[in-house]
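If you're matching positions, the sequence shown starts at 1 in UniProt numbering and goes up one per residue.
In short, the hints are calculated from the structure, not lab data. Please note that a few of the clues may not be correct.
[To be verified] Quick list of in silico lysine-lysine cross-link-like pairs, DSS-like style, CA-CA up to 30 Å:
| # | residue 1 | residue 2 |
| --- | --- | --- |
| 1 | Lys-711 | Lys-820 |
| 2 | Lys-576 | Lys-805 |
| 3 | Lys-805 | Lys-820 |
| 4 | Lys-805 | Lys-776 |
| 5 | Lys-776 | Lys-820 |
Please read all numbers here as calculations on a predicted model, not as lab measurements.
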Amino acid sequence: MPDELETLAARSRRAPTDPGQLASDQTQLASAVGVSTTLDAIGPGTVLGRYVVLDEVGRGAMGVVYSAYDPKLDRKLAIKLLIADERGRRSLGEAQALAKLNHPNVVQVYDAGEHGERVFIAMEFVVGRPLGVWREQNRPSREAILAVFRRAALGLAAAHAAGLVHRDFKPDNVMIGDDGRVLVMDFGLAIVGRDPESSTSVGKFWASGTPAYMSPEQFANDPVGPQSDQFSFCVALYEALAGERPYASDTLVSLATAVTTGERQHAAPLRGHPAWLRRLVLRGLALAPEARHETMQVVARQIEAGLGRRGRTLSLGFAGFVVVAALLSWATGGDHEDPAAARCRTDALALADEWSPQWRALARSSFESGIERDGARLWQRVESDVDNFATAWAATYDQACSGHFVGRTLEAVAYRQRLRCLDDQRAYATSLLGGLDRATDDALREIAAVSSELPRPSSCEDDDRAAGDFDEDTQELVAEARRGLMRAQGRADAADNLDARGIAGFALSSLVDADAPVTRAELLTLIARLHYEAGELEAGGQAQHDALEAAARSHDARLLATTWLVRVEYVSMRDKDLEAAQTLIEAAQVAVAAVPDDPALRCALESQRGLIALQLGRTNDARDAFQAALDIAEQANLGARELTVHTRRLGAAQAQLGDIVGAREQFERSAEISAELLGERHTMVVSAYGNLGLLCRQEGDNTCARAYLEKAISLADSPPQRAHELVMLGQLEYDEGQLDEAKRLAEQAIELYATIYTDPHADLTAPHLLLSNVLKRHGDVEGAYAQALRLVEIAEQTTPAEHPKRALALAELGEAMRGKGELAQALEAHEAALGMRRRQLEQGDPRIGYSLTHTAEVLHLLERDEQAAALAREAIALFDAAPGTESWRADARFTLACALGHDADQAHALAREALALYESLGAGQDHQIEAVGEWLEGP
1 MPDELETLAA RSRRAPTDPG QLASDQTQLA SAVGVSTTLD AIGPGTVLGR
51 YVVLDEVGRG AMGVVYSAYD PKLDRKLAIK LLIADERGRR SLGEAQALAK
101 LNHPNVVQVY DAGEHGERVF IAMEFVVGRP LGVWREQNRP SREAILAVFR
151 RAALGLAAAH AAGLVHRDFK PDNVMIGDDG RVLVMDFGLA IVGRDPESST
201 SVGKFWASGT PAYMSPEQFA NDPVGPQSDQ FSFCVALYEA LAGERPYASD
251 TLVSLATAVT TGERQHAAPL RGHPAWLRRL VLRGLALAPE ARHETMQVVA
301 RQIEAGLGRR GRTLSLGFAG FVVVAALLSW ATGGDHEDPA AARCRTDALA
351 LADEWSPQWR ALARSSFESG IERDGARLWQ RVESDVDNFA TAWAATYDQA
401 CSGHFVGRTL EAVAYRQRLR CLDDQRAYAT SLLGGLDRAT DDALREIAAV
451 SSELPRPSSC EDDDRAAGDF DEDTQELVAE ARRGLMRAQG RADAADNLDA
501 RGIAGFALSS LVDADAPVTR AELLTLIARL HYEAGELEAG GQAQHDALEA
551 AARSHDARLL ATTWLVRVEY VSMRDKDLEA AQTLIEAAQV AVAAVPDDPA
601 LRCALESQRG LIALQLGRTN DARDAFQAAL DIAEQANLGA RELTVHTRRL
651 GAAQAQLGDI VGAREQFERS AEISAELLGE RHTMVVSAYG NLGLLCRQEG
701 DNTCARAYLE KAISLADSPP QRAHELVMLG QLEYDEGQLD EAKRLAEQAI
751 ELYATIYTDP HADLTAPHLL LSNVLKRHGD VEGAYAQALR LVEIAEQTTP
801 AEHPKRALAL AELGEAMRGK GELAQALEAH EAALGMRRRQ LEQGDPRIGY
851 SLTHTAEVLH LLERDEQAAA LAREAIALFD AAPGTESWRA DARFTLACAL
901 GHDADQAHAL AREALALYES LGAGQDHQIE AVGEWLEGP
């Protein structure tokens with residue numbers, strides 16, 4: 001016996017000694033490099049079971065493959081007719097096991113049977129090329145190779161989960177379909193089960209596999225399991241990357257020696273490839289099966305992470321001395337450290353390589369060049385957030401891994417659930433921070449804001465979310481869909497809605513055969529959000545409705561409550577169906593009550609209550625709800641983003657109630673928090689400055705108002721926000737009598753909105769209202785009337801019945817009709833607006849006073865002065881109790897004076913009060929001052 005075989009014999013208690021057996025193995029090696037083995041063929045028309053053979057399409061060491069026709073199902077398929085030996089006979093049971101495996105990366109086996117002494121397997125007919133041929137013809141990039149091998153790894157992982165071991169993984173057994181699919185095939189050598197006895201039963205086929213890709217345990221005739229397939233996979237991956245296999249193979253014996261001793265051709269293998277990839281491959285080539293990766297699923301995840309980092313765009317690579325230093329503290333085990341503990345520490349430490357200094361430099365450059373003024377400061381915070389997440393993630397991973405493999409304190413089910421949670425968090429972070437080099441200014445600001453709320457890895461310790469989605473048959477499918485969900489969520493949070501829609505849609509479609517209500521509900525909720533943000537209200541509503549149905553089936557109380565709240569938000573804020581929203585909020589309250597320990601849900605519930613109340617004109621209720629939401633957010637430390645939202649909403653309610661001091665305090669706080677979190681040019685910051693300008697205007701401080709509004713306009717990048725601030729400034733110009741400038745700003749805002757909205761939209765109300773008022777002041781009666789009709793059209797098409805904006809449009813129409821001299825129609829419109837406001841708004845709301853005053857003015861013109869006087873007195877009482885309504889106090893007093901007539905002593909006193917109020921307001925009141933002066937000088 002040659003020295004090489006003596007060495008091999010010393011390494012295996014079942015080493016080959018029969019020269020005939022060695023010859024068989026040499027024949028198999030020859031087959032692997034293209035020498036055909038003689039097999040009895042069958043001709044076209046032969047019937048195997050119910051299948052009709054069409055033609056021979058290929059042959060290998062285990063059998064011949066034919067195309068065939070299935071007359072029962074009217075489809076073309078492939079038939080593999082196996083050689084007539086023990087391996088072929090054994091494959092009947094294995095093919096039946098394979099037929100139960102349904103995975104997108106495994107060729108589907110339909111049936112198996114016997115033909116004489118031989119076994120046939122009926123399987124999916126795939127049009128494509130073997131992986132090796134694809135690589136030679138395409139010369140693909142590293143990223144393309146990794147993408148293919150990742151899917152092949154998922155196929156192997158699915159087979160292993162079903163209790164199957166391939167035993168002959170090689171490039172020829174991976175098909176790249178013309179439809180783009182990657183399929184592992186030819187499980188002709190697969191074994192069912194993993195116990196040593198089942199492996200030993202085929203031990204006399206010493207090299208049952210293709211020697212060039214066989215594992216040390218296959219050469220040694222030791223029991224094989226999934227780690228053996230992993231070794232073969234890594235040999236094939238090494239070959240695809242380097243263009244050569246890792247072990248010399250002049251003869252079978254020298255190959256066996258090299259593989260079983262770990263003697264690779266190069267001392268520095270895979271030179272030029274990333275460190276993480278070298279580690280992945282070399283660990284898979286470890287001599288001892290237990291030293292390799294835990295599963296093929298782990299291998300697939302690591303490749304996926306690498307693709308996320310090194311793909312076609314700049315992507316995740318958070319690194320930092322903080323992370324590295326923290327992880328290195330785990331890498332200092334002694335020489336005799338438990339192998340399992342060492343593996344856990346190594347896997348945790350591996351993250352540090354992914355988050356490289358190179359990525360950090362590119363990310364910093366993206367922020368500094370992509371965000372004017374704020375980039376460097378925001379990047380510093382993002383970098384800190386990412387380092388904190390990375391350190392926490394690695395610590396939690398190490399704890400879970402050690403708890404399961406070392407301390408044996410974490411059971412398998414809990415361990416798998418924890419790793420799924422950590423995997424989801426990692427997928428989200430990777431996606432969120434991917435593509436920084438192509439992110440817009442707004443996207444980078446959003447990423448900066450969201451980075452402060454990256455998931456808490458420690459939450460995975462008791463996170464059983466979606467546990468019910470993972471049944472035995474579909475767990476890998478669901479796990480992949482959840483990773484898709486997290487990637488889509490990350491892209492959506494990074495303002496990349498197009499990419500998010502594609503990822504989420506694909507993930508949802510993959511669940512067509514899986515009962516995974518939690519994952520389905522979360523995907524549908526995200527898809528609904530993306531539809532709504534694209535203005536696709538019908539599609540968004542349907543997706544959200546489907547999400548609610550899925551959440552109800554999930555028996556997950558927290559998910560159900562969250563989905564109800566999202567549904568309420570969309571119905572009230574996007575669909576503007578306030579009647580439905582009032583009903584839905586009660587259902588949401590019941591759902592939230594079922595999760596009493598979740599402050600975030602309670603906070604969201606109060607905030608939604610406030611939004612509905614605010615839109616319905618119940619401003620006191622809105623203020624109370626927003627205050628409750630803010631209190632919860634502060635007490636539970638829900639984060640800066642929550643604080644900015646609730647301070648802004650509370651300020652808006654306080655402003656409507658005339659609490660200028662309180663509103664200013666909230667708006668200033670919102671602006672301060674938002675600027676720190678998002679940078680000064682973010683929409684939330686711009687909105688806060690605009691609100692402060694509005695408050696200054698209400699206080700009569702036009703200099704302050706102009707400063708804030710002009711600042712907001714200078715910072716506003718988005719067309720709708722810029723248009724909104726232009727209208728606010730236009731109203732200030734109108735107040736100061738600068739009618740031409742006010743008209744210009746109103747028309748500019750309408751033009752901006754036209755670039756966004758093709759149909760009437762509620763946002764168009766403000767600029768058309770401003771333009772209407774300007775035209776009335778200019779005496780352009782027909783122009784004002786046209787604008788009033790446009791306001792009515794917008795209100796009717798964008799708001800429900802009785803909505804405050806409908807009352808506003810009717811009031812404006814009434815004023816336009818009065819200008820045209822059509823007093824009866826004017827009175828009808830004003831009375832309708834007044835009735836609507838009395839029904840919908842709280843008692844004391846200034847908008848009721850507006851309608852009281854307008855209606856009284858028309859009644860006076862119709863010489864119905866007694867009725868006019870009654871309404872004017874009511875308006876005066878209302879305005880006197882509402883701060884910030886000085887001009888309306890003057891209007892109501894002058895209206896009452898006119899109704900009382902010159903003969904009443906009180907009338908002249910009221911007129912003088914009105915005149916003093918107008919004069920105190922300064923610029924913009926010239927027309928009113930003139931009118932009151934003329935009246936006082938009259939008869």
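Handout entry: Violated hints - listed by number, lowest first
Key = Those not satisfied come down to hint 1.
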